[in-house]
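**Student:** Once you have looked at the hints, place chain L on chain A.
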Amino acid sequence: QKEVEQDPGPLSVPEGAIVSLNCTYSNSAFQYFMWYRQYSRKGPELLMYTYSSGNKEDGRFTAQVDKSSKYISLFIRDSQPSDSATYLCAMTPAGNQFYFGTGTSLTVIP
Amino acid sequence: DAGVTQSPTHLIKTRGQHVTLRCSPISGHKSVSWYQQVLGQGPQFIFQYYEKEERGRGNFPDRFSARQFPNYSSELNVNALLLGDSALYLCASSPDSNQPQHFGDGTRLSIL
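Residue numbers (this note's numbering), protein chains in the order written: chain A, 1 to 110; chain L, 1001 to 1112.
Isolated chain A, as found in the complex:
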């Protein structure tokens, strides 16, 4: 079983839709959770960083962590064509080793 599971998609939505991206994990020691966005031929760009359970909002992005279910989510409101990219979840128990999902490919259609 992989440490982190993420549906690769692809996911295609119309402009303005709410997008929900999810990851599940198996290691209950994970404490720090991140979401990255990766455009083609570029490195991952940090979007959200959360510690332990709870919600965090930043502009159109909301990250949720449910440690009891070992489930994290990223919501994108009012999606834009510029949001079209691959979204990666990542997590770590203590910061010395990071585990990534496979990434979900998102296309926002104008």
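Keep in mind the hints are simulated off the structure, nothing from the lab. Ideal Cβ positions, reconstructed from N, Cα and C, are used throughout, including at glycine. It is possible that some hints are incorrect.
The following label-pair restraints were derived from C-beta to C-beta distances [claimed, not checked]: (1) A:D7 x L:P1095: 25 to 35 Å; (2) A:D7 x L:R1015: 26 to 36 Å; (3) A:D66 x L:T1020: 11 to 21 Å; (4) A:N55 x L:E1051: 27 to 37 Å; (5) L:E1051 x A:T107: 40 to 50 Å.
**Tutor:** The following block gives chain L in isolation, referenced to the frame of chain A:
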């Protein structure tokens, strides 16, 4: 401020050769990590260095090695290259090891 910079951006090698990839972290960042990203997959952790000491190591063979210099820049070395080593190699830096990492755009390594 400059982000994480990696060199070279592209590299072509043949099987059995050796390669050295270089990374300069964001100014003030003391932790550097290396990742391998195969097409269609998420990054896989190779190494983490903090203050020139190895802090973490992923499940990669001994052909992979790294080091961090006093100015916090880092090198990743891969010996006896295999076709399967073809990938995007990413470097990430953070102020400390348990803080969010910021990535460079990677070195695309192709093995013929």
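**Student:** All hints, please: hold or fail.
**Tutor:** For each hint, the structure was consulted:
The hinted range of 25 to 35 Å is satisfied by A:D7 and L:P1095, whose Cβ atoms lie roughly 32 Å apart. Look at A:D7 against L:R1015: about 35 Å separates their beta carbons, and that is inside 26 to 36 Å. Checked against the hint of 11 to 21 Å, the pair A:D66 and L:T1020 fails, with Cβ atoms roughly 43 Å apart. A beta carbon spacing of about 34 Å between A:N55 and L:E1051 agrees with the range 27 to 37 Å that was offered as a hint.
As the Cβ distance of L:E1051 to A:T107 is approximately 42 Å, the hint placing it in 40 to 50 Å holds.
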